[in-house]
Amino acid sequence: MSAPVLLLSRVTREHVQGDTVVHALCGVDLAVHAGELVAVMGPSGSGKSTLLHVAGGLDTPTAGSVFVEGRDLATLTAAQVAAVRRRSVGYVFQDLNLLPSLSALENVSLPLELDGVRRGMARRAAREALDEVGVGALAGRFPDEMSGGQQQRVAIARALVGPRRLLLADEPTGALDCTTGEEVLRVLRGRCEAGAAGVLVTHEARHAAWADRVVFLRDGVVVDQSGPVAGAESLLAGGAV
Amino acid sequence: MSIRHGLLALLERGPSHGYQLRAEFDAATGATWPLNVGQVYTTLDRLERDGFVVQDGAPDADGRIAYRITDEGRAEVRAWFTSPVSPKAAPRDELAIKLALAVTTPGVDVVSVVQTQRGATMTSLQELTRLKVQAGSGGGDLAWSLVLDSLVFRAEAEIRWLDHCEARVARAAAGRAVPAPTSVAPIPPTPVTAAKQARR
Chain A
0 MSAPVLLLSR VTREHVQGDT VVHALCGVDL AVHAGELVAV MGPSGSGKST LLHVAGGLDT
60 PTAGSVFVEG RDLATLTAAQ VAAVRRRSVG YVFQDLNLLP SLSALENVSL PLELDGVRRG
120 MARRAAREAL DEVGVGALAG RFPDEMSGGQ QQRVAIARAL VGPRRLLLAD EPTGALDCTT
180 GEEVLRVLRG RCEAGAAGVL VTHEARHAAW ADRVVFLRDG VVVDQSGPVA GAESLLAGGA
240 V
Chain B
0 MSIRHGLLAL LERGPSHGYQ LRAEFDAATG ATWPLNVGQV YTTLDRLERD GFVVQDGAPD
60 ADGRIAYRIT DEGRAEVRAW FTSPVSPKAA PRDELAIKLA LAVTTPGVDV VSVVQTQRGA
120 TMTSLQELTR LKVQAGSGGG DLAWSLVLDS LVFRAEAEIR WLDHCEARVA RAAAGRAVPA
180 PTSVAPIPPT PVTAAKQARR
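Protein chains in written order, with numbering that gives the first Met the number 0: chain A, 0 to 240; chain B, 0 to 199.
Do not take every clue at face value.
[As the list claims (entries may be wrong)] Cβ-Cβ distance ranges computed for the label pairs, FRET-style:
#1 A:Gly189 x B:Leu145: 15 to 25 Å
#2 B:Ala166 x A:Ala2: 31 to 41 Å
#3 B:Ala166 x A:Leu98: 38 to 48 Å
#4 A:Gly189 x B:Asp140: 13 to 23 Å
#5 A:Thr74 x B:Thr103: 50 to 60 Å
#6 A:Arg117 x B:Arg153: 47 to 57 Å
#7 A:Pro162 x B:Leu145: 38 to 48 Å
#8 B:Val102 x A:Glu203: 23 to 33 Å
#9 B:Arg153 x A:Arg118: 46 to 56 Å
[Stated by the list, open to error] Only part of the chain A face toward chain B is listed, based on derived beta-carbon distances under 7 Å:
#10 Arg205
#11 Ala208
#12 Asp223
#13 Ser225
Just so you know, the hints here were simulated from the structure itself, not pulled from any lab data.
Just so we're clear, the structure is a prediction, and the values are computed from it rather than from any experiment.
Beta carbons are placed, not taken as given, at the ideal position from N, Cα and C, and that holds for glycine.
Throw the hints in and build the complete structure from the sequences for me.
Right, here's the structure in full:
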C-alpha cells in the first residue's frame, strides 16, 4: 500500500486551563490513504475538531507527529507549513466563509491566485472545480444569489481547487436539509474516490456512514473503529436461516 | 414482518403462484426480507383456510397452483394498510434486553458491549449507505430506496441510543467512584446483526 496522505502518529494535544491540563487528544494514531474517506465521530468535547486542526497544520500537537504527504509538519518552518496548508490541504467548515463581494468563480480561484498562480490558469482550475461539484453554471453568481446547498458546493470547490490531495471537512452539512446534505456528502465521497484522502468530522451517524472507515473518539482517545464488511449481501442475507 | 399481509397485497395485483409471489416480494423489498418458498406456500395455505385467497383454476403444466384474492382478502389488505404497525407487536428488542442484562450481570464490560454493537451497527449503516448510492445512481427504484431509508434511520437511531447508553454508563460508574472494571476480561460480546434485526 502506498504511503498515507495523512498520518497522525501518537498525537497528543493538551490545553492548559488555569491549573488543570485538558487532554484534547491523547496518543491518537490515524492513517488516511489516497482514495479513502475516514469519518471521525464523537460527542462534543471528544477532540474531533482538534484532530482536524492538527491534521491540517492549523494547530500543533503537544507530542507526536503529523505527516502530510510524507512531510513531518514539525520539521517545517511556519512558512513551509503555510505552503502545505495552501497547496495540499483543502478545508470545508460548517461556516462557509465565502467572500460576499466575490463571485463563485473568484471565491474559488482566490486561494490559487494568492499562492502566485497566474490569473488565467487559476480561473481555469476554478471553473473545473465548480464543474466537478455540479455548480459550473453558477460561476458568475455572488454568494447571496445562491441557495445554502449551492454555497456549500462552492465552498467545497474552493477546498478542492488545484492539486490538493487532503480534504478536511468539519460538519460540512451543518445547516443544510437532509437531501442537500446528502448531495454534499456525495460530492465529498466522489472526490475521495477520484483519489483524494478525506477526513470527515461529524456527530451524525448517517453522515459518517458515507465514509470507508469510522473512527470513534471519546475524551481524546480512539475507542473504536469500524470498517466495511465483506459485502452488502452479508447484510441482507443473514436472516434467511 | 407480516408475510401474510405482504402476500395478500401482492395478490391484489392479480392471481399468482408461490414462486412468482416470492420473486415479486423480493423485488418490492429489495431482498431485505428474503423468503423461502416453503414459507410462501405455508402462508398461502393459511390464507386459504382463512378465506382470504382461493385457488385459481387447475395446476399449470409444472403443477403450480395459482391463487386469487377474495373480497375478504381485499378487506384485510385495506385494514392492514390503514392501521399503524404497533411497536408493541414487533418482537423487538433483543438489543435492549441484552443491554439491560449486561448492566445487571456481574463481570460484563458494558462499555465494550455497547462499542461492539455500535461498531456492528455502524458497519451496516455504511453498507446501507453504499446500497443507497448504488440505488440513486441507477435512476432510482422508489420502493427500494424507501426501504433502505427506513433501515438507515433505524440504524441511526440505534447508534444514537448506544451513544446515550455509553454516556449513562460512564456517568453511573463515575458516580460510584469505584475503579471501573475495564481491565477485567469481559465476556466477549456478540453484536446483534442488522440482518437479524431487519427480519423483525
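What hint numbers does the structure not satisfy? none
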